[in-house]
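Now for the letters of each chain:
There are 2 protein chains.
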Amino acid sequence: MSKFWSPIVHQLTPYVPGEQPKISNLIKLNTNENPYGPSLKVLNAIEIETGNSLRLYSDPTSERLVNAIAQYYQLKPQQIFVGNGSDEVLAHTFQALFQHGKPLLFPDITYSFYPVYCKLYGIEAKTIPLNTHFEVDLSDYLRPNGGIIFSNPNAPTGHGVGPGEIEMLLRQNTDSVVVVDEAYIDFGGESTVALINEYPNLLVIQTFSKSRSLAGLRVGFAMGSEALIAGLIRVKDSFNSYPLDSIAISGAAAAMQDRVHFEYTRKRIITSREQLTAELETLGFDIIPSQANFLFVTHPQHDAAALAGDLRIKNIIVRYFNKPRIDQYLRITIGTDDECKILVDALRNIVNTP
Amino acid sequence: MSKFWSPIVHQLTPYVPGEQPKISNLIKLNTNENPYGPSLKVLNAIEIETGNSLRLYSDPTSERLVNAIAQYYQLKPQQIFVGNGSDEVLAHTFQALFQHGKPLLFPDITYSFYPVYCKLYGIEAKTIPLNTHFEVDLSDYLRPNGGIIFSNPNAPTGHGVGPGEIEMLLRQNTDSVVVVDEAYIDFGGESTVALINEYPNLLVIQTFSKSRSLAGLRVGFAMGSEALIAGLIRVKDSFNSYPLDSIAISGAAAAMQDRVHFEYTRKRIITSREQLTAELETLGFDIIPSQANFLFVTHPQHDAAALAGDLRIKNIIVRYFNKPRIDQYLRITIGTDDECKILVDALRNIVNTP
Numbered sequence: 438m439s440k441f442w443s444p445i446v447h448q449l450t451p452y453v454p455g456e457q458p459k460i461s462n463l464i465k466l467n468t469n470e471n472p473y474g475p476s477l478k479v480l481n482a483i484e485i486e487t488g489n490s491l492r493l494y495s496d497p498t499s500e501r502l503v504n505a506i507a508q509y510y511q512l513k514p515q516q517i518f519v520g521n522g523s524d525e526v527l528a529h530t531f532q533a534l535f536q537h538g539k540p541l542l543f544p545d546i547t548y549s550f551y552p553v554y555c556k557l558y559g560i561e562a563k564t565i566p567l568n569t570h571f572e573v574d575l576s577d578y579l580r581p582n583g584g585i586i587f588s589n590p591n592a593p594t595g596h597g598v599g600p601g602e603i604e605m606l607l608r609q610n611t612d613s614v615v616v617v618d619e620a621y622i623d624f625g626g627e628s629t630v631a632l633i634n635e636y637p638n639l640l641v642i643q644t645f646s647k648s649r650s651l652a653g654l655r656v657g658f659a660m661g662s663e664a665l666i667a668g669l670i671r672v673k674d675s676f677n678s679y680p681l682d683s684i685a686i687s688g689a690a691a692a693m694q695d696r697v698h699f700e701y702t703r704k705r706i707i708t709s710r711e712q713l714t715a716e717l718e719t720l721g722f723d724i725i726p727s728q729a730n731f732l733f734v735t736h737p738q739h740d741a742a743a744l745a746g747d748l749r750i751k752n753i754i755v756r757y758f759n760k761p762r763i764d765q766y767l768r769i770t771i772g773t774d775d776e777c778k779i780l781v782d783a784l785r786n787i788v789n790t791p
Numbered sequence: 438m439s440k441f442w443s444p445i446v447h448q449l450t451p452y453v454p455g456e457q458p459k460i461s462n463l464i465k466l467n468t469n470e471n472p473y474g475p476s477l478k479v480l481n482a483i484e485i486e487t488g489n490s491l492r493l494y495s496d497p498t499s500e501r502l503v504n505a506i507a508q509y510y511q512l513k514p515q516q517i518f519v520g521n522g523s524d525e526v527l528a529h530t531f532q533a534l535f536q537h538g539k540p541l542l543f544p545d546i547t548y549s550f551y552p553v554y555c556k557l558y559g560i561e562a563k564t565i566p567l568n569t570h571f572e573v574d575l576s577d578y579l580r581p582n583g584g585i586i587f588s589n590p591n592a593p594t595g596h597g598v599g600p601g602e603i604e605m606l607l608r609q610n611t612d613s614v615v616v617v618d619e620a621y622i623d624f625g626g627e628s629t630v631a632l633i634n635e636y637p638n639l640l641v642i643q644t645f646s647k648s649r650s651l652a653g654l655r656v657g658f659a660m661g662s663e664a665l666i667a668g669l670i671r672v673k674d675s676f677n678s679y680p681l682d683s684i685a686i687s688g689a690a691a692a693m694q695d696r697v698h699f700e701y702t703r704k705r706i707i708t709s710r711e712q713l714t715a716e717l718e719t720l721g722f723d724i725i726p727s728q729a730n731f732l733f734v735t736h737p738q739h740d741a742a743a744l745a746g747d748l749r750i751k752n753i754i755v756r757y758f759n760k761p762r763i764d765q766y767l768r769i770t771i772g773t774d775d776e777c778k779i780l781v782d783a784l785r786n787i788v789n790t791p
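Protein sequences appear in the order of chains A and B. Residues in the first sequence are numbered from 438 upward in steps of one, following the working numbering. Residues in the second sequence are numbered from 438 upward in steps of one, following the working numbering.
Any given hint might turn out to be false.
Identical copies go unnamed one by one, so any copy, or any two together, can satisfy a pair.
The calculated BS3-like cross-link candidates involving lysine-lysine, where the alpha carbons are at most 30 Å apart (straight line), are [claimed, not checked]:
#, residue 1, residue 2
1, Lys513, Lys459
2, Lys539, Lys760
3, Lys778, Lys760
4, Lys751, Lys704
5, Lys513, Lys704
6, Lys459, Lys478
Hints were generated in silico from the structure; no laboratory data involved. As the structure is a prediction and not an experimental result, all values here were calculated from the model.
For reference, chain A alone in the conformation it holds in the complex (with noise of 0.2 Å):
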C-alpha cells in the first residue's frame, strides 16, 4: 500500500498464473501448454528476423501477421485485430466493449483472469452459476447485461458448446457484445468464427499459446465485425503503439501459414487425451468430458489437493484451484505419451497405496 497509488491499484486482485518453475526435470502439466514444439517454419522466420533490422521499429498494425490470420478464417483484415498474447487482448476487450452500466456476464467457474479485468476497469460482474453437469447453459445468459463472456471450450472444465446454442444466444441478445474465447477450440471444438459475418455483435478470441505451440511468444488475437475491430484498435494505440515485437509478428505468421504442423500436433494430442480419459477412468478417476488440451479429474477417494502434493513429490505438477465448487478437482495438461504414461504410473502408484 502507498499514498502514491492511484486509489484503484489498492482494490485490485491481480491474477496468479500457473507455476512456471525453473527446476528442470519436471513433468510439467500446470498451464495447458502445447507439449510439441513450435513448426519449423516458425523457427526459419525467427532466424531471418534476427538481425540488424531490430533496430526499427516492429510493423504498428502488424499487418503480416493480421493478413496470415485473415486469410487463414477467409476474413477480412479489418476483421482481426492481434496482441501482445489473448490476455492483452481480452484486456483491451473489456475496456473496449464491456464498460456499459449493466452487468457483464460470465461463468463462476472459467478462466479466472475475467474478475480481474473487471475489478481494473470498473466493470460490474455477475457470475452465472455453471449447471450441474459443470456445463456453460447459454440459455441462463438471457438477462439484462452490458456484455456476455465465455471461454469455449470452457477453462478448467473442458465441456464446449455448440455454435448452434451460441447462435440461438446471439439472435435474442443483440444490444451488447457476446465475447467466445477460444484458446482451446483447436482441440475438438467447433469455433464460432463462422457467424461473425452474421452477427456484428460477436467477439472471437483465440490464441498462439495453445494448438500453435508458443506460448513463449505472446501473441493473440480476436476476430469480429469491422466495428468491434475499430473499439480496439482505437484503445490499443491510445495504450501501446507496437504491441508485437519483429520477431512475434513474423513467428506467428509463420505458425498460423503452416496447416500441417498445426494438423498434427493437434491431432496427437486429441488421440492422447482419449487414452489417458480412458486409463484415469480405469483407476477411478470421474472426468468431464473434455475438447481442450486437458482433462478436469476428480477422485471418489482422494482429496484432490492431496493428489496434487503426492505428485509434486513425484516431480509432476499439475493445477489446483483452491476455490468453492471445483475444489475437489484437479487439471491436467495432455503431455507426450511418455508424460501421460508417467502421470498414469504416478497416480496409480497414489491411489493403490492404502
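Since chain A is already given, all that's left is putting chain B on it; use the hints.
Frame of chain A, contents of chain B only:
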C-alpha cells in the same frame, strides 16, 4: 462509432506513431531509431532462445532481465519494472500512479502520447508551456498536482535539464509522483537514477528502443522505490501476466550486459550529432542544443512542412509536427555518417535552390 463501444472509446484520440514505410532505399530519420544494429551478443541470445522452449510460457516476472537492469544500475530487483516497450510502461504508470483527482502536469511540447494516456484513464491534464528557449523550466511545476511527468532530454526539442534542478523539484514536490521519462538519456544527458534511493516518489523510465538498438524487440523499464514498482506490478498482473516474450527477455538482458557495444554506438551517435549540428548551422538552420539522438531544427527562410516534403521527394523522411509553436520545426534523427551526409547534401540543394 458503434453502440457496442464503451463510452470512453468514442472520446479517445489515439496516438499516431511516426511512419514505418515498407519501401526500401529510404533514409529513415523520422522515428529516432538507432542507425546501428544491436549487439551480436543480443542476436546470439535470441538464437539460443529460438527453439522448442517457445512452447512454454515466458517467465511472468522477467527475472533475468530485471536482474540485468538492477545490476547495471546498482539497484535492487524490487526497484525495477519491465514492460512491452516504454509505451506500455508509461500506460501502466498513468493508471497506477496518476489517477488522483488533481491535474497531471507535463510540458505543452513533449511526447505526444501523454495526453492520449490521460484520455484513456480519465486523468485531467494541465500542460505547462516550455519557456521561450523551448526549455522545461521545473520551477513552473511547483503547483498543486496529482503527478508530474516530463521527458529528459525532452522530445522533440532535445533539450535536457540537470539532476540538480530535478532534485530541487523532488525536494518541494513530495506528495505526488514525479516521472522522468529518460528515453533519450544515454545520448548526453545525466540520468536521475542516482536519486531513486532518496526520493520515494521518483520514477525513472527508460527504453531499449534507442540507445540499445532494439526498437523492434519492444522492451522498456521503470526504476523507482519498491512501493512505486509494487503498484506497477499490481496493474500489470491485472492486465497481462506475461507482457514480455522469452526472446525479448533474453535479447534485452544481453543488450544490458554488453557495455562495449552500447558505449561504442552511443558515442558514435553523439559525435555524428555534433558534426551534423555544425553542418546544418552553416546552411542557416537554427538548432536547439541536443542531448538526444535527434536534432530539432528550423530555418528562418524555409517553411518546415515544405522542407519535409522536399526531403521526402529525395527519399529522406524526417518528422514534422503540424502543431502550435513547433510547426516551423523538423525533428531529424541522427543517422549513420553516410546518411547524415546525404541529408546535408539534400538540404544544401534545397535551401540553395531559389
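Exercise. Any hints from earlier that this structure breaks? Give me their numbers in increasing order, please.
Key: Per hint list: zero violations.
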